[in-house]
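Starting from the known structure of chain D, fit chain S onto it as the hints suggest.
Taken in sequence, the protein lines are chains D and S.
Counted the way the numbering used here counts, the first sequence spans residues 68 to 520.
Counted the way the numbering used here counts, the second sequence spans residues -18 to 210.
By construction, these hints were calculated from the structure, which means they are not laboratory data.
Please note: incorrect hints may appear among the correct ones.
[Unchecked claim] Result set (SDA-like, lysine to any residue): computed pairs, CA atoms no more than 20 Å apart in a straight line: (1) K3(S) with R224(D); (2) K3(S) with P(-7)(S); (3) K463(D) with R374(D); (4) K49(S) with D221(D); (5) K362(D) with H315(D); (6) K49(S) with Q451(D); (7) K49(S) with D292(D).
Predicted, not measured: the structure shown is a model, and the values here were computed from it.
Each chain, written out:
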Amino acid sequence: MSSNDHPKTIAKEASFGYDRKTIDYIRNAAAPGLYVSRGMGAKRLLPNFDDLVFLGASLSRYPLEGYREKCSTRTVLGTRFATKPIELEIPITIAGMSFGSLSANVKEALGRAASEVGTSTTTGDGGMTQEERQSSKTLVYQCLPSRYGFNPDDVRRADAIEVVIGQGAKPGGGGMLLGQKVSPRVAAMRTLPAGIDQRSACRHPDWTGPDDLAIKIQELRELTDWEKPIYVKVGATRTFNDVKLAVHSGADVVVVDGMQGGTAATQTCFIEHVGIPTLAALRQAVDALEDLDMKGKVQLIVSGGIRSGPDVAKALAMGADAVSIGQGVLIALGCNHDSYYQGGAHHDATADYAALGTAPGYCHHCHTGKCPVGITTQDAVLEQRLTPEVGARHLKNYLKTLNMELTTIARACGKQNVHHLEREDLVALTLEAAAMARVPLAGTSWIPGVSGL
Amino acid sequence: MERMSFDLAQVPLREVNTFLHKDAPSRGALQVVVTNPDGAHNIAVGLDCPVEVEVHGHAGYYAGGMNKTGTVTIFGSAGTGVAENMMSGRVHVKGFASNGAGASMHGGLLVIDGDAGLRCGISLKGGDIVVGGSVGSFSAFMAQAGRMVICGDAGDALGDSLYEAVLYVKGNIKSLGADAQIEPMSEADYATVSELLAASGMQHDPHDFKRVASARSLYHWNADADQEY
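Okay, chain D solo, but in the shape it has when bound (with noise of 0.2 Å):
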């Protein structure tokens, strides 16, 4: 018998170390010669939220009529030093994106939905529009590295300061922003040629490590005469030892933002590589409060990868006394919505997101400035499929939804406050995130590295 008698089989032995995604990498990188950006956070499988459940109250625990019983929300940011702390209905906030990542119009829109529901909004890296002061009941200002259209009058007219010292997605690196979203007008914020591919600087001009950025932060004290809290923000890497210095220095707030946290554009590699899970950072930020005998003095913060209300109520039962969240609000806006609602009709957008070489649901491409429902770009065409009333009413439902889910998981729990839900709640489904949040394996009272099975 012949070989030719049997058909020919084509043999796939797919490779671990190099299947399609890295071929594709290598092949790409091979090609212009340049690395990928895009926008987004980790899309990378990250021991994270979903793996942790409450501990609902049952005969043990008392819980609170779901709908009709008080359960407050009101959070309060910044007492340490400053004498107009921050007031909040809901502890859900805005997250610091720019004008030039983001339109005119969606700035306008998150002001007005934050002002709504009583939170807060929060600049970004490109200085103060207009638009978002006026829109915004509480403003928090953010000091970055670049410090493009720093202003001390708008330091003034803020309510609070965030000193910027690194985020999630990319801890270590500056912000970018490709010429095609230096407009004319982003240009003439930042003082920088329209056009160009614009880099910012990843470390602050004027302070270098902890001891300076102390006097740094007394500097902004008495340019406000005390009265503005003092936010502090750090990307997630050394947590522990990060936010330490953060309270040394002075900070009323810290901020952590952890490796799932977005980005208008930011380096592949940078995204996926560098940084840790926003899990394993909240229980170091934590620690690190506790350990100095500083928690509920200095408030914290987490952001990266904040999506639902459970979310919301894991965060703070883990020790946050807020949250920040920014992509989950671009979403809620229309990123990744296969259309967009303009002049009274929806339209269909999948014929851009093609021409981007993606589709709604996958769509990461901010950085290009063609963004298919006119959230993160500065072109006069597309910004007009985001109006700001329009905008504005999704997110403010969004929020009203993560908080009516927040309160009702208190109210499971037994809590008035939401600020009472305690690590006590909660429980792992994994080993990655009983060991990261230092809570015990369900049905166990096994936290890994810390006690026995």
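Chain S in isolation, oriented as in the chain D frame:
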């Protein structure tokens, strides 16, 4: 002109700054003298009126920081970040200045009679800096706009990653940073140097200065990629 005096050995700095923010704007022409600064940080930060502040002694970090329309004269040396983020007005250091002098300034004039340390004029966004002596390494790092006149020498990596700021150096430049290049002086450049020297009370021949500006080769990430990133 009304003249007032605060002795920092007796009065807390916070009181001085609060006076400068809340009371000084309504006082008309006003001169405020600060004595015994003893290296205190954040003296006269956030001025927002045309008050004249004299500091008799050495100042710590961020003296005259974020100044708008005020005039600050330091009869001594200044610590890190003197006149950082100044918007307008004038800050004059009669002695030496430490690191990051004039960092991220947007406007106004910073004059340093002596030398300045590392990163002088870093992230400069406008305004003018005139240094009578030399500047340390990484000066004008990522400087975006504005002008710097350096009457002495410059350290390593001058003007690294420069954008549109222009630097004029009389002495030696130890090394230029990435994308910085020496360019020929034009008549406009001589006029600029002459004007800035006069404004700072310094006497040098503008013809002795070199012009350093950006080669603009880093403006696009990868010119071959035609922005198809």
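Now for the hints, and whether the structure bears them out:
{"no.": "1", "hint": "K3(S) with R224(D)", "verdict": "holds, 15 Å"}
{"no.": "2", "hint": "K3(S) with P(-7)(S)", "verdict": "holds, 16 Å"}
{"no.": "3", "hint": "K463(D) with R374(D)", "verdict": "holds, 14 Å"}
{"no.": "4", "hint": "K49(S) with D221(D)", "verdict": "holds, 13 Å"}
{"no.": "5", "hint": "K362(D) with H315(D)", "verdict": "holds, 14 Å"}
{"no.": "6", "hint": "K49(S) with Q451(D)", "verdict": "violated, 37 Å"}
{"no.": "7", "hint": "K49(S) with D292(D)", "verdict": "holds, 16 Å"}
The structure fails hint 6 only (numbered hints given earlier).
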